[in-house]
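A.B. asks: Okay, here's what each chain looks like letter by letter:
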Amino acid sequence: MVESATKVRNRHQEIAFRFFLEYCREQGNNCDSCHMDPILSRRYRVNRSKIIFEAFEDETVLINLDSGSYYSFPGSGALVWDLISSGRSIGEVIAQLQHRFPDANAEIESSVLDFIGKVVEERLVLEQDAGGLEATGEGEQPPLRKGKESKFEKPCLQKYSDMQDLLLLDPIHEVDEMGWPNALPAGRNAEALE
Amino acid sequence: MRLLPSVSVILSVKNGAQYLEESLRSVLAQDHRPCEILVLDDRSTDETESITRPFATDGVRFIANRSPLGIAGSRNAGIQLAGGQLLAFASHDDIWVPHKLRKQAERFAARPELDYCIALVRPFLDRSITVPPPGFRPELVGADVPGYLSETLVARPRAFERAGYFDPSFSQGEDTEWFARARQLGLEMEMVDEVLVHKRLHTNNITYSAARAQHWRREILRVAKKTLELRRTLE
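Here the protein sequences line up with chains Z and P, keeping their order.
Residues 1 to 194, numbered by the working numbering, are exactly what the first sequence covers, in order.
Residues 1 to 235, numbered by the working numbering, are exactly what the second sequence covers, in order.
One should not assume that every hint holds.
As the list claims (entries may be wrong) - Restricting the straight-line Cα-Cα distance to at most 25 Å, the calculated cross-link-like pairs of lysine-lysine (DSS-like) are:
hint : chain 1 : residue 1 : chain 2 : residue 2
1    : Z       : Lys50     : P       : Lys226
2    : Z       : Lys118    : P       : Lys225
3    : P       : Lys103    : Z       : Lys154
4    : Z       : Lys118    : Z       : Lys151
5    : Z       : Lys159    : Z       : Lys50
6    : Z       : Lys159    : Z       : Lys118
7    : Z       : Lys154    : P       : Lys225
8    : Z       : Lys50     : P       : Lys225
9    : P       : Lys225    : Z       : Lys159
10   : P       : Lys226    : Z       : Lys159
11   : Z       : Lys151    : Z       : Lys50
12   : Z       : Lys118    : Z       : Lys154
The hints are simulated quantities; they were obtained by calculation from the structure and are not laboratory data.
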């Protein structure tokens, strides 16, 4: 049975609620249908004109170069980001997490939708065109990162805006390769704008 | 007239012969004269030393790093050697306006609680180039930009005791990281709302190959990561 709109609204953030509304409209409020195919098939790509990110051991950190805000996705949020940013559909993300955390099946779908809704709202990702598969390609399944999490915790998006004036500064720093041959620190899965 | 605090100027350089003299002269032209100017040379192979030495009579001290320290390490060495009540940082290729140190020293004299002070910076094209380096935002040339850069920084020594020194694991973002750390730790800052440094853009500096831009972006992601970790330890 389709949940009442009130229950949905209470349980999800505004973006996730719109997902369900759209699903209901598309299904014609057909209570026999229990699949959210149109929403679950959505794929996204990183908004690379604005966003850079790096996966650290315990969290993924993102910076919006336009606004100077920075974000942390610890725990399962980093897992969801890994999958979404590599072109997995929402349904595939949910399925992978449910496989990893079988005791949290019921909680995973709603919390992942919630989280992705916030990611979309912050314009960290843009929706893929229907025909556009992400660079990882059809059939390629990047392995889910090995995390320390043994128990599912809801993915959360932590946003900070206390360094905007620092992060918005154009890099007018002096780097003379001849002058400063510092060894570079080892990077980890860094994503950079092309 | 209020007595202004003494200022040590720390100038870190490697192979800066091309513009070093002009930069040194702008430091020596300050109407609040520095009590000392320390040139920390990171094993230059050009004429950096021979350009610096004649300024010894003006209080410029040439110090050669015994081993390569990088930009952050050189500055840190200068901090440890400096004896002034305030520490200012210069680069080999920028120009200070003649009243820079006075303006900033006055702020410290007026505010005992002030830990560090920056100012606006104005990028300019060196005479050797007619267009900005590729990738540099052209609208910034000639604009007055908040100078979260070491070149505008004047700080009390206690600022480094409280916040720590520059992190030598950074090669481009070491000052951004320090400013972020100082902010998280609640140091008192003031920005003078006036251009006190003219930042030279020239063919040998900055970041604007794709590889360097990528390196810069990885560094600021590390800055964000360090900031998050510090925030959590302080909570």
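A.B. asks: Each of the hints needs a verdict: does it hold here or not?
C.D. replies: Here's how the hints hold up against the structure:
1. Z:Lys50 <-> P:Lys226: 21 Å, holds
2. Z:Lys118 <-> P:Lys225: 21 Å, holds
3. P:Lys103 <-> Z:Lys154: Roughly 52 Å between the alpha carbons, so the hint for lysine 103 of chain P and lysine 154 of chain Z is violated.
4. Z:Lys118 <-> Z:Lys151: 22 Å, holds
5. Z:Lys159 <-> Z:Lys50: Status holds; Cα separation ~15 Å.
6. Z:Lys159 <-> Z:Lys118: 11 Å, holds
7. Z:Lys154 <-> P:Lys225: Distance ~21 Å between lysine 154 of chain Z and lysine 225 of chain P Cα, so the pair holds.
8. Z:Lys50 <-> P:Lys225: Between lysine 50 of chain Z and lysine 225 of chain P the Cα gap is close to 18 Å, so the pair holds against 25 Å.
9. P:Lys225 <-> Z:Lys159: Judged against 25 Å, a Cα distance of about 13 Å means the pair holds.
10. P:Lys226 <-> Z:Lys159: 15 Å, holds
11. Z:Lys151 <-> Z:Lys50: 33 Å, violated
12. Z:Lys118 <-> Z:Lys154: 13 Å, holds
Consistency with the previously given hints fails for numbers 3, 11, ordered from lowest to highest.
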